[in-house]
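Assemble the whole structure, with the sequences as input and the hints as a guide.
From first to last, the protein sequence lines stand for chains A and B. Once you know that position 41 of the first sequence is 41 in the working numbering, the rest is easy, because the numbers rise by one and skip nothing. Once you know that position 292 of the second sequence is 292 in the working numbering, the rest is easy, because the numbers rise by one and skip nothing.
Keep in mind that the hints were calculated from the coordinates and are not lab data. Accuracy of the hints is not assured; some may be wrong.
[Stated by the list, open to error] Quick list of in silico lysine-lysine cross-link-like pairs, DSS-like style, CA-CA up to 27 Å:
hint, chain 1, residue 1, chain 2, residue 2
1, B, Lys-10, B, Lys-107
2, B, Lys-107, A, Lys-274
3, A, Lys-274, B, Lys-185
Only a predicted model underlies this, so the values are computations on that prediction, with no experimental measurement involved.
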Amino acid sequence: MTRRRIDWLPHLILLLGVGIVAFPIYVTLVASTLPVAEIEHGPMPLVPGTQALQSYRDALFMGSTNLRSGAVVSGMLLNSLVMALVIAVGKIAISIISAYAVVFFRFPLRMVFFWMIFVTLMLPVEVRIMPTYKVVADLGMVDTYWGLTIPLIASATATLLFRQFFLTVPDELVEAAQIDGAGPLRFFWDTVLPLSRTNIAALFVILFIYGWNQYLWPLLVTNSASMTTIVIGIKTLLGGADAQTEWNIVMATTVLAMLPPIAVVLLMQRWFVKGLVESEK
Amino acid sequence: MQRRVIFRGKLLPYLLLAPQLVVTLVFFFWPAAQAIWQSVHRQDPFGLSSRFIGIDNFTQVVTDPNYLHSLVVTAIFSVAVTGIAMALGLLFAVMADRVLRGAWFYKAVLLAPYAVAPAVSGVLWLFLFAPGIGVVSFWLNAIGIDWNFRLDGTQALVLVIVASAWKQISYNFLFFLAGLQSIPKSLIEAAAIDGAGASRRFWTIILPLLSPTAFFLLVVNIVYAFFDTFGVIDAVTSGGPVNATQILVYKVYYDGRIALDIGGSAAQSVILMAVVIALTAIQFRFVERRVHYS
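Right, here's the structure in full:
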């Protein structure tokens, strides 16, 4: 094929896409560096100001008049981090062992259990809001990390992914382990777990983001200021109709809420893309 | 599918399954059963007494003009979000598949919204469109549009659609790109040699081969628009003004949590459950077929 000029059209369209995606994020970044008066008397300038340090310090440690007293963004960040990590690690842990049981053993009711896990795909939190809340309330888990995380850590998707992968582990490997006298736990720990590293990394990214971005569930099960997650905190900061919105603080908080999951996606892009495309099959 | 070589163990497999099963039973099956039970009973708001009323809750829900309105809003919302997010995702994927230089940059930026929470995406767009403050609302005023989504229901719906679609572009982009890259290059080159131009190749070869991906994404996007957009609605409009953006999931939450209509909310939950089950079934039937062909 003869050498052609660079085809500009795709670049033009992609730059438009980059614009659509980046513009709201950019404006938020800029707003977090401006004094609140400059935002309120809009239109706000589109170049960064000099108040960044103050906005972020206020958001992180001072709290805001619109927040339930005692809530500061640093505390919310911690809650979100705990929630995202417990959900990601918990989901991976309980899914990998249940998939291991279903694939590497034969026992009565095996398929019944498998289908029970599978069916949870069809019961997202959103369709059983009130009864699930009631169960958590009856167990005394409202306003605790337990209530925030445990009800979300059953995962059909992760179990299915691990099952799919375990079915491809060669029989020879299992036989060799058995000849060497390794029991099922030894084989899991020494062979299956190391082989699953890529899958675990991919799932971790997806589930970390899933946990961090939860909205409806924390809205239901947390009441106290000290248990608020950052995504919920932003909504509280926006305040009611009568309250004055401190936009610079809201925007700094929004940036802080986006930063960790975006960092995780960008840093682990390779695993994430592979994992996402595979786990949804 | 089964493995040939397995381990022996009587108690161990049950122990390994136990954590997942306990969580599933306590937080999935029991509440789902409760929702079904509540949907056929009438309860006072404090849960002190209840009596069986059959399908009364359901008849009440489906004849309630507010519910029918919410149904229409949900339909418009889902079609718009799915359409916009898929069209843009496909457009950017096709373009990203054609460039060599800078592809990594485009990919990295276009992936970012995937990591942003729906509620946060709502706040980003809320800030751009906030009357009297937002950059875009000033532009709109400048070209003569009287923009105030807090008063105008149509404008509010447009805003939540934009915020929800924006977040979903990444996902569609990613899957369309993976789909495009799995199409054999020889097929496209053969068509090019036969004299088919770029647009002809796209419509007659690439698009048909992408249709499995597109169908999968269609289901995923509808599920997203139905359920995951709760955060967008709550953060941006809280269902208002005058229920203009009250999608079904938001109504379940509002009726159950704020209006304390337990039976009505449960009946709505059961209806939504039927929707999810139908969508999941469609998706899995399709996946099965695809596996069969390949």
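Which numbered hints fail: Number 1 only.
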